[in-house]
Structures are given as C-alpha cells and as structure tokens.
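A.B. asks: Single-letter residue listing:
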Amino acid sequence: MSETTVGATSLSGFWRSFRRSRMGLVGLFMLVTVILMAVFAPYIAPYDPKEVIRVTIDDIYAPPSAAHWLGTDDAGRDVLSNFIYGSRVSLIVGFFASFISIFIGSVVGIVAGFYGGRAENVLMRFTDIMLVIPDLPLAVVIVALTKPSLWNIIFVIGALGWTGSARLVRSQTLAVKQRKFVLRARSIGAGNAHIIRYHIFPMVLPLIVVNTVLVISLAILNESTLSFLGLSDPTALSWGQMLNFAFTRGAMSARAWWALVMPGLGIVWAVLACTLLGQGLEQVLNPRLETHYLAVGAQMVARPGMEAQV
Amino acid sequence: MRSLRQAPVLLEVRNLNTDFLTPGEAPAHALADINFTLREGEVLGIVGESGCGKTTLMLSLMRLLPANGRITSGKVNFMNTDLLSLSEREMGDVRWKNVAMIFQGAMNALNPVHTVGRQIAEAIIQHNYITDQKLVTDRVVELLELVGIGAERKDQYPHQYSGGMRQRAMIAMALACNPQVVIADEPTTALDVMIQAQILELLAKLRDKLGLSILFVTHDLGVVAEMCDTVLVMYGGVTAEYADVDTIFNTPQHPYTQELLRAFPDLTRPTEKLVSIPGYPPRLNALPPGCRFAPRCPHVFERCHGERPSLHPLNGRHFASCHLVESESTISPETSKFPGKSGEK
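Here the protein sequences come in this chain order: P and U.
If you read the first sequence in my numbering, its first letter stands for residue 1, the second for the next number, and so on.
If you read the second sequence in my numbering, its first letter stands for residue 1, the second for the next number, and so on.
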C-alpha cells in the first residue's frame with residue numbers, strides 16, 4: 001500500500017472523496033450560493049431595504065416589473081432586495097444556533113457516554129425531558145418573555161436543539177468506549193481526559209461534523225417558524241419575517257404570490273443545501289457507505305468481453 | 001539453561017481473589033487463591049481452557065477489571081510494593097512503566113484513526129519517559145526496528161499493516177517504557193503458524209536481550225513448551241497445578257493437567273488417539289461444593305464432591321490441588337513455600 005490510500009485524512013484526499021458524491025456537490029453549491037448572496041448582499045441587491053422611500057398606492061404589492069423584478073411587498077419595498085438581505089439573518093441564526101446545539105449536545109453526549117453511572121442517568125434523563133417538551137411552544141414562550149432580539153433567538157434555538165445530537169454522540173461514545181484500544185490506553189496509564197481527547201473524540205468527530213450540517217438546516221427552519229409567528233427581531237429582516245408580513249398584511253387577498261413564494265423558496269433552498277451537504281459528508285466520513293461490495297456487482301469479476309466496454 | 005532460582009523475585013502474587021458482581025445474584029468467584037512468583041527473566045505460562053480466569057488474572061494484576069469486577073483479597077507484590085494498596089494515580093504510573101501488556105487481537109487494540117508511530121509515542125509521552133519531541137521520534141523508530149518494522153512505517157495507519165506487523169507493533173508498544181514485566185495475553189491467537197513462530201522468536205529474543213519477565217497467557221501447550229520456564233495451569237478460577245515446565249510435561253500430577261496434555265497432539269506418539277475432556281468448565285456463580293474439576297475428572301472419588309482440595313506442595317517447586325496428590329505425596333513443610341490454602345474457609 002502506498003501513501004495515497006490514507007484517504008480522508010488530508011484535505012486534498014477529503015476533497016477527492018467528496019467530489020465523488022453528487023448530492024454532496026449539489027448541496028455544497030447551493031449552500032455556497034446562499035452564503036455568497038448573504039455576504040455580498042449590498043452589491044447584489046438593487047435596493048437597500050432600510051432606505052426611506054416614498055410610497056404611492058401603486059407601489060404596494062406591485063407585480064414584477066423591470067424596476068422591481070420580483071414585485072414589491074406591503075410597504076412598497078423591493079421583494080428581491082428583501083430576499084437577498086433576508087438570507088443574512090437566516091444564515092447567521094442557522095450557523096450560530098447550530099454551533100450552540102452541537103457544542104451542548106457533544107459535551108452532554110460524551111460525558112454521559114464515557115462516564116456512565118449517575119452522571120449518565122442525570123444527563124440523559126434531562127435530555128429525555130428536553131426531548132419530550134415540544135420545542136416550538138417552549139421557544140415561543142421564552143422568546144415572548146425575553147426581548148425578541150437576534151441573539152436571544154439564536155440562544156433559544158441553540159439551547160433547545162441539542163437533544164438529538166446528545167443522544168447520537170452518546171451512543172457513538174458508548175460504542176467507542178468498549179473498543180479495545182481504550183482498554184489499552186487505560187493500561188498505558190492514561191487518564192480520562194487523555195482518553196476522551198485522544199481516543200474518543202476523533203472517533204465521534206465525523207458524526208458531530210455531519211450532524212452539525214443537518215442541525216443548521218433545522219435551526220434555519222426554526223428561525224423561519226418563529227419569525228413567521230411574529231417572534232423575530234423587528235429590525236432584522238429574515239425570510240420568516242417576510243412570510244409573516246406577507247401573510248398578515250394581505251398578500252394572499254392581493255394575489256401578490258411573489259411576496260410569499262420567494263422567501264419560501266429561500267428557506268427550502270437553504271435547508272435542502274444543508275441536508276444534501278450533510279449526506280455528502282456522511283458518505284466521505286463513513287467509507288463503508290461508499291463502496292459496499294454489493295454495489296460493485298458484476299464489474300467485480302473481470303471478463304474478456306467487458307474490458308472493451310470500460 | 002538460564003538459572004532462574006537465584007534470580008530476584010519481581011512479582012509475587014499471594015492468595016488473589018477476584019469476584020464479579022451481578023445485581024441480584026451471588027457474586028461469581030472468578031479467581032480463588034491464586035499464588036505464583038515471577039522472577040527476573042522468567043517466562044511463566046498461564047494455561048487453561050476458555051473461561052478459567054486467565055484474562056481475569058491478567059486484568060486483576062493491572063487493576064483494569066471491568067466495572068463489576070472486585071479484587072476481594074490477596075496481595076500483588078511488585079518489587080516489594082503491594083500494587084493493590086496503591087492509589088489509582090500511583091497505579092497509573094506502574095502501568096506500562098513497570099508492567100506492560102501485549103493485547104490479544106492487535107487490530108482492536110490499535111486506534112484506527114492514529115498512526116502506529118503516534119500510538120507508540122502515546123505511552124512514552126504519557127509517562128514523560130522522554131520529553132524531547134525529537135527523542136520521542138527516535139525512540140519510536142528504535143522500538144519499531146527492534147521488532148523488525150522499518151522506520152518509514154511509523155507514519156502509517158493500523159489498516160496498512162499486516163496482521164503479524166500489527167502484533168509486532170503491539171510488542172514494540174509494550175516495550176516503550178522499558179517495563180520489567182510484560183503480560184502477553186494470547187499474543188499469537190488469530191495468527192497463522194508462520195507468523196506465530198516469528199512472534200514467539202521475537203519474544204524469546206527480547207527476553208534474552210532485555211531481561212524481560214513475561215507472563216504468557218495461552219491455550220497452546222506447544223507454545224508453552226517452547227517459551228515458558230514455569231507453568232500455572234488454571235481451572236475454573238483456581239490453580240490446578242503450578243510447576244516448572246519439565247515437571248508439567250513429564251510428571252503432571254493433577255488429572256486436569258494430564259487430560260489437557262492428552263488432548264494435545266504429540267509427534268512422538270503418532271498413533272495415540274487424541275482425547276477431549278467431556279463437559280464444560282463450571283459456572284462461576286454455581287460452583288460444585290467440592291473440587292471444581294470433580295464433575296469432569298476421570299479419577300473422581302466421593303471425597304472430591306464434598307471437600308475442596310487445597311494446593312498441596314509436592315516439593316518446593318511443584319504444587320497441585322487434588323485429593324489424590326495429597327494421599328500420595330510426601331509433604332515436607334520446610335520445603336513448602338506457600339501455606340496450602342484451601343479454596344473455601
């Protein structure tokens with residue numbers, strides 16, 4: 001065997017395997033477009049949503065035109081510009097909230113799985129309680145009680161979304177803990193901190209990475225839901241908020257479909273991007289998913305006739 | 001022959017008892033009154049069928065039993081310190097620095113996400129045996145070359161090694177901190193005979209070169225005959241027979257040892273039929289009231305069912321726990337090294 005078989009350990013090797021996953025590539029492309037849109041919003045958007053404008057009755061829910069490619073909303077603002085700026089909040093909430101979730105989930109999962117006993121009991125029963133409490137009503141209550149600022153929403157979504165990751169990470173930790181190299185590390189004289197850092201964490205990391213990407217999509221969805229219910233930072237324009245305004249301010253009766261469809265598509269786009277990327281990453285990080293011997297099928301046996309085809 | 005009788009005693013195990021606790025059930029007595037001595041440069045073979053407590057004994061010595069294991073009594077004296085009285089932190093220092101272990105099934109004992117070199121260095125760094133990073137790398141290379149693996153292989157991962165190489169890497173790892181005692185837990189299982197011979201040769205070479213004492217756990221009596229100086233035959237958690245290797249093979253006294261030897265092929269007696277010992281080892285939480293081997297013993301008589309035999313000294317260096325031995329032997333107290341402890345008080 002040569003050095004090239006090291007595979008997913010180096011960055012170029014990682015990219016080489018990732019390239020083979022078509023879904024992952026599509027997801028990556030979709031996510032990159034959203035990120036670029038959010039980063040370069042001031043350069044792309046035709047109008048500034050915060051600009052003070054004079055509105056006439058014709059500007060309200062104006063259908064798509066040359067001046068407003070996607071029409072205007074209830075305040076006479078350009079929907080396309082709102083849509084482009086709205087991606088910023090969705091992504092910020094999505095990324096930060098999922099990092100909070102994954103951090104809490106990983107710590108709880110590794111501690112519970114590794115130490116076991118009473119620590120595990122306490123942590124996992126707490127996780128179960130958090131899991132059975134419906135997220136959305138609780139989030140609504142907390143956001144309603146605190147000020148619905150951007151950071152409050154990030155914190156609430158992050159603090160409610162970690163349960164699934166905690167259970168996943170715990171189960172993986174339990175499996176890794178039983179492996180013999182942990183016993184070997186123990187017999188080397190290693191302590192718990194060393195074993196967790198050196199032996200458990202690297203084995204759990206792929207799961208955490210994949211899960212992070214999937215949790216981002218959940219967080220984006222949660223943020224949109226909260227905003228749609230009117231629980232968003234009124235100064236931070238997001239896709240959910242656009243939906244909320246369109247829905248509550250008569251876009252339906254005005255037949256202004258453009259005010260509803262665009263933010264909806266944006267949410268679907270971002271969530272789908274994360275899901276596809278997550279699946280692609282999983283294929284790279286778990287090589288067993290990629291080349292199962294059954295998938296090779298008939299090509300496994302070299303036949304004289306087949307060489308011509310290849 | 002190397003003379004071992006004068007060599008200083010490194011490890012002395014006295015009346016070691018280990019239980020496994022199961023909630024709602026009687027504790028399983030996995031080890032009962034195990035005694036042995038390991039001298040410098042000595043290779044002690046520990047044999048017995050599966051489930052007789054060999055691995056439990058190894059893990060008890062390292063104090064690495066699973067969570068429900070308890071060492072209930074006994075002493076493990078290593079160079080005049082009782083390992084069982086040390087704190088967990090002090091024990092952590094003893095592990096690998098003084099007593100290292102070669103694990104069975106090297107693939108599982110190596111972490112697949114770290115390079116082999118890094119894992120060998122792990123032990124060195126853990127004990128601050130060498131602190132300079134450059135010297136650690138030198139030491140890793142030196143260790144790998146000691147077991148016949150090229151230095152360029154240190155940056156490879158376990159899956160890039162063959163089975164025999166992994167086992168040799170495990171041996172290199174065990175030697176990382178120059179331990180005095182190496183516990184080899186079935187180091188040659190799952191390897192074919194050629195690789196097995198290679199590993200055994202390597203271990204013998206290392207013993208001579210480094211003066212290691214080795215506790216060699218195995219099923220394979222052929223390996224025992226080749227490698228070991230003394231042999232401890234275990235059955236159902238107790239010592240069946242303990243003697244030097246020639247005595248065990250030439251004049252075994254315990255019926256279990258005799259049966260075990262008859263169950264093993266012998267080139268000098270090609271026409272003899274191999275026998276198997278009928279039955280199974282006893283369940284440790286439902287032990288027979290008398291001798292643990294009584295239900296399977298070909299020479300059983302009624303005393304065996306009622307009374308546990310103690311470990312009888314046949315002479316200063318040969319011990320067997322059997323009622324038959326007691327009636328035949330001439331016990332001379334001054335040559336006996338252990339008090340003949342019974343399994344049950």
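Worth flagging that the hints you see were computed from the coordinates, not collected in a lab.
C-beta: ideal position from N, C-alpha, C; glycine also.
Any given hint might turn out to be false.
[As the list claims (entries may be wrong)] In silico BS3-like pairs for lysine-lysine, Cα to Cα no more than 25 Å straight-line: (1) U:Lys97 x U:Lys205; (2) U:Lys134 x P:Lys180; (3) P:Lys177 x U:Lys205.
[Unchecked claim] Among chain U residues calculated to face chain P with C-beta under 10 Å, some are: (4) His127; (5) Thr131; (6) Met170; (7) Phe264.
A.B. asks: Hints first: check each against the structure and report whether it holds.
C.D. replies: Hints, verified against the model:
1. Distance check on the hinted pair: Lys97 (chain U) and Lys205 (chain U) sit about 20 Å apart at the alpha-carbon level, within 25 Å; holds.
2. Distance check on the hinted pair: Lys134 (chain U) and Lys180 (chain P) sit about 29 Å apart at the alpha-carbon level, beyond 25 Å; violated.
3. A distance of roughly 35 Å separates the Cα atoms of Lys177 (chain P) and Lys205 (chain U); the hinted pair therefore is violated under the 25 Å criterion.
4. Here the hint on His127 (chain U) is kept, as its CB sits about 6 Å from the closest CB of chain P, short of 10 Å.
5. Contact between Thr131 (chain U) and chain P, as hinted, is not supported at the beta carbon level, the nearest pair being about 16 Å apart and thus beyond 10 Å.
6. Contact between Met170 (chain U) and chain P, as hinted, is supported at the beta carbon level, the nearest pair being about 8 Å apart and thus within 10 Å.
7. With a least beta-carbon distance of about 29 Å to chain P, the hint placing Phe264 (chain U) at the interface is violated under the 10 Å criterion.
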